[in-house]
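*Asks:* Listed below are the residues making up each chain.
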Amino acid sequence: MELFTYCKNRQRRGFLQKMALSMKLTTAFLLLAVMQISARGLSQKISLSGKKLSLEEVFSVIEQQTPFSFVYKYNDIQRSQPVNLRLRNVSVQQALDACLKGQHLSYTIEKDIIAIKKEVGEDKEDSSSLSLLEAVSGVVTNEAGEPLAGVTVHVQGSTRSVATDGKGAFSIQADEKEILEFSIVGYESKRMPVGADKKIVVTLAVSQKSINEIVVTALGIRRSEKSLTYATQQVSGDELNRVKTDNLMNSLNGKVAGLTISPSASGVGGSAKVILRGSRSANGNNQPLYVIDGVPITNSANANGQPTSTYGGSPDGGDGISNLNPEDIASISVLEGASAAALYGSQAQNGVILITTKKGRAGQAQINFSSSFTADNIAYKPSLQSSYGQTKSGATDSWGPSISGGNHDNLKDFFQTGTNWTNAINLSTGSTNAQTYFSYANTSAKGVEPGNKLERNNFTVRETAHFLNDKLTVDANINYVAQTINNSPALGIYNNPLTGLYLFPRGLDITPYKNQYLFADSTGFARQNWPFNDALYQQNPWWIVHMEPNTATRNRILFNGSVRYDVASWLNIQVRGNVDRTADNYESDEYAGTNALYNTNGHGHLMLSNQTTEQKYGDLIANFHIPIHSDFKIDGLIGSSITDNTTQGLTLQGDLSTPDFFTPGNIIASLAGLTSITTSNTTAIVPNHSQLQAVFGNANVSYKDWAYLTLTGRNDWSSNLAFTPNFSYFYPSAGLSLILNQMLKLPKFIDYAKIRGTYAQVGNTVPPYLTFIQNTQNAAGQLVFNTANAFRTLKPERTNSTELGTDLRFLDNKLKVSFTYYKTNTKNQYFPIQPVTASLYSTGYVNAGNIQNSGIEFTLGYDLIHRGAFTWTTSVNGAVNRNKVLDVDSKDSINSFVLTSNYNNAYESHLTKGGSYGDIYGYTIQRDAQGRIVLNGSGTAADPYKPQQSSAFNYIGNPNPKFQLGWSNEFTYKKVSFSFLVDGKFGGQVLSLTQAILDQYGVSKVTGDARNQGGVKINGVDNTGKAITTVNPQVWYEAIGGRTGISGEYIYSATVVRLREAALGYTLPVPNGGFFKSVKLSLIGRNLIYFYKKAPFDPELTMSTGNGLSGVDVFNQPATRNIGLNLNVTF
Amino acid sequence: MQISYKSITVIFLTLLIGSLSGCTKDFEKIDTNPTALSNSQTIAILSTAYGPLEQSIYSNYQTAQNLSADAYAGYMMSPTPFKAEYNLNYFLVDGWDRNGFVDQYNLVMAPISKIAAAGTQAKAPDLWAVALLIQVEAMDRVTDRFGPIPYSKAGTSLTSVAYDSQQAVYNEFFSQIDTAVADLQAYMAANPGKAPLGTSDLIYGGSYTEWLKFANSLRLRLAMRIVKADPVTAQAQAEKAMNATGGLLSAPSDDALIAQSGGRNNDIWTVTQSYGDNRLGAALATYLTGYSDPRLPVYCAPATDPAFPGQYIGIRIGINIAAKSDYEGYASLNTTSNFTQTAPQLIMTAAEMWFLKAEAALRGWSGAGDAQTDYETGINVSLAQWGVPSPNYINDATHLPAAYTDPKNSTNNSPALSTITIQWDPAATDEQKLERIITQKWLAIFPDGQEAWADFRRTGYPRLFTVVNNESNGTISTQTQIRRLAYPVSEYTANGTAVNNAVQTLLGGADNGGTRLWWDVNKGNF
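Residue numbers (our numbering), protein chains in the order written: chain A, 35 to 1165; chain B, 4 to 529.
Mixed in with the good hints, there may be bad ones.
Using C-beta positions, here's what the derived DEER-type ranges look like [unchecked claim]: (1) G558/A with A326/B: 28 to 34 Å; (2) S927/A with Q507/B: 15 to 21 Å; (3) A87/B with A703/A: 44 to 50 Å; (4) G558/A with T182/B: 54 to 60 Å; (5) N988/A with P199/B: 53 to 59 Å; (6) A310/B with S691/A: 45 to 51 Å.
No lab work stands behind these hints: they were computed from the structure. Even for Gly, the Cβ is constructed at its ideal location relative to N, Cα and C.
One chain only, chain B, in its complex shape (with noise of 0.2 Å):
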């Protein structure tokens, strides 16, 4: 029996070693990259990611924006030919359209779902709060091209998000603004002073008090933008921002510009001197020349065409381009010394506020001051952002916008769109008094196609050039242009059940480029 006490106790003690050396107390060790950063790693370098996020609101600009937008709000037009049929002629491209969807998802609301997970809701509300201005402001872009989007449902299913209305997107993001509006309040009271985001902050150099402006600035564009379709939320909001502490942006030192840093290059740049593919808009070029305005060589540079040097020449949107080639020399903006490689990017001015005041005192808002007083200072105050004070300029009243001539094509020529002057005319109708708000506004808020492209289906101004080829195919009008973007085929073949829901139940239309977006009402602007 000796033999069999023994084995028992070998048996067993083999045992017992095997399971202790199987203690499993290390695996969450083992399986941790140590090449990646650690949870708490991640939360100290947490501002770093937000130069990355800004940077994203004009990620794929040239698809995203600069082959839509920016033609469609008449600034812009490129002399490429990249096929027979695409945006610019109305037929709308998806490979392009689908960066100006899927980028804001993947860049700038994965990002801070990720920043939300880390806990900073709780643990830095401050960076919280400007996370969400960046969402809000992102994503805004996003609903403003497509309509319905997936935003409230967002990140909580891999394989099926589902829609939320325009109105629903538009109410979301006036209760993130109350969001990050108090928590940048709290925090100011409680750190005075205090900058945590420093420079990692390419926007505000992590300034709160600019991002409060930023904040009640927000809410008053996206109040402006809904005022046809919702306007009792639209005056509440717009109320609320005009009153709020803090103030908005008011003097071109509050302008929103998005410095570059880590190689990134001005957008306006890339496209137009690095790409080629970009110059001046019809309609910009006879506004601009028309008015004989002091930013037309700051904005714009001269054709280098030898057949009309130096002139201010654009190009008329949806022509047709044998030759890239053909239209190259046609007048461009002024990458030399204003839309240069490094030159910060606006998303939003102070001019543009004084605009908003301006019409919302011409609706009879509470806290919107005089219109009149609004549009001149609009106007000053761009005219010193560019640095081209012209005291005379809000005094002009006979200069009227030029008529357009393609002096290659005279298919392409047309009238002069509209005889709205500059200088401010108290005895206007309301809706005249909007056309000059809105055509100066206009004048000052570019480069940003986007926000003006919004302003022109919402009030129908400025009065723009409409595309010579319409390819739509019938689902896009020439004369009421184009109104939204169609969502990508992306999200047909791997989100098919929310957006085939979304367009049946929430568009209001079909899935094209003629369907009105919510805030796009068809009626009077008053």
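Chain A with its partners taken away, still in its complex shape (with noise of 0.2 Å):
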């Protein structure tokens, strides 16, 4: 008792609620564990008679009566003999061999699994030649590096076999000059040469065709895909880093269905927005949660942030997830559904990106080296006209008389080539007992725009190691990552080098402003030698890259530990944790002579901020089968975690004192003109600190391998939600697949057939310090009330899902369908509103919202050929997804919510009911019944005609894809390899600041169309219904364009279809023996065509990676068109 004098009065009755619901769940377990806790493994007892039993039913009643469960490939035993037995009370082995006996099937016993193999011929070999044979030794894993138990190793063209054991060591006699095979159902086969040193190390990659393919689920667990109640993907460590990016999320787009990922358009290093199955949170985060070995990490983006308005500003630093070595990927596991993700609770409501790294191998040491190298250009040029100049002398815009040699690319003077090096290298080496992975990689990495450099730096530790008899296993890994981005390119308006770049007055010579960016004599905003400032604040932009150098700076430790005991062949027990600290540093430097806006007064601008991050987490986790015999089997885990995230750090800025003197002492700190106000221009940043406690668990039901059930529950615990009545909340997921195929009696050409379906809660909590409102003090010293309105009676965001989908694989397994279709309604959201004047407070929270997402999934896979030496494999996968606001919160009636404020320019995005996510508002040009354009003039030269703009923001376009499609494919001949990807966007709109703006200054290459042609062509009329078809282009390009003209007149279609990647490749040859094991070559292209693009940008590019800005474009860097050079070599 004393264990409650910890939790006081009302804390009590939290703990004493999750004391019951802990209760309940475990009372529930382990009713089912003692009713059969009599499991005694292999010395287990089977009584087994009948006749004319086929070896399934046999399998089948083994599976009931112990254990065990058992692997096979249908073919092998579809043409045993049916048997007679009449055993009793003997063992799994007596039983097997009288069944198997004559079956030219053999068995292997590892744990709790029997793999049935088919025997090898009998041996006709010359016993004495045998004996002239050396033995060769090695182990066989998997990609995470894990042992693979039961493999068959086998001589090619001999007789000789052996199967690996439960360290995945394997001993044959072979010569150096033959080739062994090494199968295992669930795994694609491989072959290899013995060569000289006789110690091999063969790691098997998941097959693609088996029936019984393994996938890494939540929490890390692995089952059987047939098991399996929803849809996941997974990507390989191989196909993520066969064309290297700077953020590996990037090398994931156009792969997995259902997946958006949409790179910010902020250079090299910067983030990507991650989206699977659309969003849905309104003022929450709609992006997964990533997952490191079944532990959660954090994807903390610089102190800085994202832009939040058309005017940008502040550059992106970076994502957390873009800090990983992609190198270190075994696998990646996309859980889209809640369902898939329930188990992780509040965090997965996006769903889960699973990451499974790279381990040590026990066997021989093994050392492989990567390098990677790709040349980036700009993908593509704003179209801009050559024949007409500046307006007059000192003008901005380019609107004057017509000109000749207009045609100097400004733009070839300001953007470089980038390049991106990535030299990775990891070692592995270990016995049964332990095992040692290092890897170190190095990014180097330089954009299009001058001055943005990437330099990181990974290193990995991880070890592996077991103990009592295998029974403990220890496993830990260490990350670092040092991060360095220099002056990564601002988006919008403000600092941003391509508005002066892209604004220059047409015919006139940029060249000097390049050579001669200040003028080292002249002082304060004199300095630059930029002649316009205008009312976008354009300004030199080679004074932007090289005098407002801005750097962020990351250290990011990660350190993983796990236990694991196996209690017993059906229990173990397992203790993970993490800590994932990241520091961010951040400094921007303005000098004098940088425009006023950014530099009150003249003297230079500092702007600093360190900021760290850290998430723990830990959990403990009983994993359990219970050994019942029937035709029944549970299995299933509970475990508990905690989750604790927390943020600390400083933010400083202000103006300087003594010019260009960059240092925190030299900011100035009170405010100029006043003398009783000092002000601190240092900030504590918002700690944020949240705990997520979580109780949860999961049960698999199956009966006779065709039906399983998989239940879960999970209560959290949200920091969150104290000072409410209730920070507890519970959500289950209940699913359900059949193996139709082993059901019932289906056509040959069916090689598998599963459906599933689940149904599933995910709550998600709210921001902290939301529910207990806090006053802050000013800078002054006097208090400030904070009159948001306190939310006592927050619920935590739910999203309920439904899934439905089916497996098939038909000839030969060789054509594999997936098909799934879901349904998320995301309620209870939690929005800020704006109450009425007379509430008295500035801010209300309410819970509401309905935002729903249903969409369809699907993949194909075909092995087109298998002939001889090249084989042709082919995959597609798309998806539809709809996104559908059912509802804002009409019991308050607010039926619309801003995700992105207008702050006076053309663009402003909602949350509006009956439309969808992110829509996009802005004018509309006003026209009559008819269609036509309605304007406003006389047409005289003092009063033309000039169209008309809304006078409110109407809805424009929606930038979500409706649709989207890739497709790949991969070639091999011999030692030859080829693959490449296309992908597709289709639907949606978005729209274009950018060209707005250049046709406003007159630079676009319409504008000069449109004065060659003598006229804007329109179908119009005027104020009296006269038809009007031509208008004066500048008074046209005026009205409409610029950044708060009509801007639905700049929404485009985004669909956009692109040879995302492609890569040829080579295998050298190596001398058997040689120093090299493999060395392969590949030429790799990103991005490298645009079959199909009608916007003036790359439309998936995105200003920010938040919830807001998406589908615009204010002049944006350009994608990028990435070709190199891959190298792998193994030693």
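Join these two chains into a complex; the hints should help.
*Replies:* What follows is the structure, encoded as structure tokens:
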């Protein structure tokens, strides 16, 4: 009872509730466990009798009576003979011996798995010749470095064959010129020459064709694919590393159905927006949870965050996931639906990206080295006119007289060829008791904008060890990441070199401004050599890249540890934990001479921040399977976890006292002209401390290998709901899958048919500090009341999700089809609302909203040709998502929530009832009932015809793709391989404010063309109804263009189809027993061809990876095209 | 069976440890933002919130008061043609007038509701008393602009707050003043000489003696306002105020002035000197020049226009202005020695009280004293307040208000507005006496256009120039002049049911500038 004294009063209630709940869960599982607590492993006796029993029947009975499961290839036992058995209290081995006698089948037993294999033919070789051969030994592991037991090792063309033991080790007699074949169910077979050193380490890749495919699921649990009740997709490390990018998530683009990746247009080291099955949360996070080896990590951005308005200004500093070394990744599983993610709880509402990393391997030491180089160039340029010059001397626009020789390409003077060097080495070694993995990677990249650089170093050490007769497994892993990003390009209107570059008057020579961007002998604002100061605050592009440097450095330590103890053959207990600590430093210097908007006193401006984000996670899980003797089998887990997130840091910024002296002490601390106030320029970053505790359980019930039922339950306690009556919330999921081909007699061409369905709820908590409203003080030390309304009845956000799907395989497993339908509704969303004035609250919070995402996903893989040395496999993935805002907060008469405010520019993004997430609002042109443009004015020079802008913002488009398709192909012929990926995003609209502004300034090609043809041709009428077909181009484009113009005229189709990546590889012949084991060289390319693109920019690129600013281009850096070489060497 | 026992034990331990770690006792601590103040820290620095509260009475001064009340009171006029149609020619600009509504809720009532939520009423009734007085002072300005407002129900709902009739609002004001007076008296009796607010109080430096005078004075001001609508309450409250312990503001040292602090600038200085958007109104110019008033150079700065430099020519309200430069050089306000960048801003003066007592005496209310004495004291207190004592001024029976001549546009010209003289005439009619009192009150309480506009609406004095252009589309009579401002559109969008209900049942007319407020009864003054 002492225990309770820790938890006082109302807290005790939370504790008791939790106890009660965990007891409930426990009792359910324990009861089942206690009933059948007589497992005795191999000593288990079985009784079995019957006539003409098929082997499948026999196996099924053994499975019912023992904890063992069988794995076998159906083809192998198809031709076996029925057996007559009369067994009573015999051991498993005895039973197997009896039924496999004369069947040319053999078995191996590893833990609770019995693998049945085809026996190799009788030994016809002269045994005397064998004695001349030496023993070759080695180890077989999976891609995660885990030993594979029961792998058949066969010497090609001989009858010699062995199976690997429990540690994946084998020993077989073979000549160094002979070739070994490795095969096991569930994995791709592999052939390998013996070589001189007689020590072999083999990694087998998970088979794409196998029925009993193993899939990594939530909490890192491996389960057979057929028992899954939801869709998951896996991407192997090889596939991920084929064509490298600076953010590994970008390598997933186009490869996974239902996954939408929008890279930030912010140069090297930029973030990526990752959305699974559509955006759903109005005010919360929409990105998935990232999990490494079962344990969640953070995806924290630089303290600088993401831009929130079309002005932009603060550059993107990269996200958390991009910090990882892709070479350390063995595979990625994408758990898209809530069902798959239910065990991770609130954090996983938006799906989970599960990353399995590489481990050391038992056996011989191996070293892999890879080196990749790409050269990056901008993939398109804005189309500019070259026949009309500056309006008049000193003007910033180009509505002037016609000129000749205006063809000079200013962009070429500015953009450079970016490069990306990635060198990675990893070493692995180990005995059967302990394995070590070490890796180091260096990424050194240069962006297409001068000065933009990325330097990243990753170190990883991982140690896996087994103790106490392999009952205790300890795994520890340390990653250290040191990263520096220089001069991330600013997006938007402010501080962006592209405004000055693109808008530079046509026909003028920009090179003097490049050669001399600063007047060294001048002071203050006069130092910058730039003749214009206009409403866009454009500056000399070279001034910005040289004299407004910014640096984001990041040091991240990620420590993972896990201990697993096998208590019994049916139970293991596992404790895991991680600490993910990221320290960010950001500095932005603006030298004296920078535009007065950013640098009030002309002495320069400094912004500094340091921020440490830390996530600590721990869990304790008991995994069990109930050794029950029936057609039913039950396994599952119970566990609890705790996640604690916090941020600490300081920011400071201000104008400088001594010009260009960038140190905190030089920031002017008091406001100019005032005597009584001293403002502190230092602010503590709000720590956003939050803690999530959970108790969860999962039970999987299977019946006869063809029906699988999965149930999960999780209860979360969120500290962010403290001060509310109830900070605990529970959510369940249930799923069922049926393997039709084992239930029913199906036509022969169907090898596998599964149908599955799940229903799940996942909750999501609210941000911290909303339930307890605290006051602050201002710089003068005065109390400032926080008039937000404390949310005492806040309910956690909740997503209800339903998913139905099927997985089918035809034609000898060559054709694989998977199809999923889903529907999710996210309710109880937390919205800040603007209450009525007399409420005396500045902000209120409500639980409201219903955002629905529904859609289908499919994948289709076909092993098209497998003829001799030539193979061709192809796969297609596709997804359709429909996002609907069913309700915002109609009970409070609120039907719209603004995701991005317009701040007086002609772009706004909304969540409006009846619309869909991220709807773009802007000004539209006034038309009459017949669709003709209604013009103001009388057509005279003094009062020209002019289009009219709507008085309010109207819906003009939605950027979300309606349909996505990825098509990848892989060809191999002997030592040559070729692969390519084409993907398309169809539907949706995007807005180009860049084009609008280029038009307004008269620099764009359309404005030149309009002038060449004597005016803008339109179908319009004047106020009197007279038809008007031609409008003065300057009047027209100055009215519709610009950042506050008629943005509805700058909406483009977001459809884009591209050759996403291509790789041509050649495996060099290496001498057997030489220094190199394998050498592969590839020519790689990314974003090579746009097959279809109508927008003047790449619609996939995003200005922000947050919830707002989607589908708008405001002087975003163009997408790049990357071509390079990749070298992989194994020693 | 050995294994099973062990297993059960382990599972049980697993859960136990899991649940122990799951103790949520720290949740409230975790969910408390350490970079924000705790409740006890809030209480500890509560007094520092008062300065910003006081300053907020004049929040968004230009749009909330200067471009409406100050001009409607005849004090000032803007040389800036902001728009072709705007407040100054009776086309009401929602975006401007809204500030005079929402700011007092957001910046005064909302923080005061948090002061209440912090338990101040019980813990520090004296601080609560001052908060109430600031709230009444601020919200009176709102109800006097718009009429019925949400008051008693404010803070009860996020989505719909009902309006109170203006009579109910005034009754609530009186009762809140009752509370404030009782709390202050109790505190002062128990803690003589204590001033917990100290220098955080930008008006009285924490002096409760002065705050008590302020409370009584505010009661008198509000009582007189409703004399036509509810004479019984008016007389009762006025008599209560005039006979109250602590007394009224009586000498310039009692004047309620908000000192500038924290980088805030004097609003008159800002709109006049910094923005160049404010100049002398024609009405004030003609009265002051006509009377040869010693306050003329104190309040005003002469014209700088090269055509008539040094002359005190104001701008008439509602005229055509083609360009700002046309009228920028007209007479302005004295921003060099009086309405300077750091000069404090008045909200109530002792002079005003003497004129209120004069009117009360005229009405025969007890405790008011003698009308002539009150009137003359009011003038002398005002002259003393501005440092220009002129003993003979009260005896001037000859000077009359001047006619108005616009040197740039004769269509704006007008004969003199009134023939009222300065010297008290005991033989005059009550109506003439009232005009004399209010005219001198108007000259004395400058530059508080809000109070002056209220007096003009209630009494019809002083006589003021009508707008030259009336762009109200017939909703506001040029002759009777503007009576109120229209409710902000934001009320219709956010608090629609309540405001529509108020317009239908409480306002007594259409929601425009022509509808009279409850206390603005269209009948004679006596």
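*Asks:* Now, for every hint given, state plainly whether the structure supports it.
*Replies:* Hints and how they fare:
no. : hint                           : verdict
1   : G558/A with A326/B: 28 to 34 Å : holds (33 Å)
2   : S927/A with Q507/B: 15 to 21 Å : holds (20 Å)
3   : A87/B with A703/A: 44 to 50 Å  : holds (46 Å)
4   : G558/A with T182/B: 54 to 60 Å : holds (58 Å)
5   : N988/A with P199/B: 53 to 59 Å : holds (56 Å)
6   : A310/B with S691/A: 45 to 51 Å : holds (47 Å)
The structure agrees with every numbered hint stated previously.
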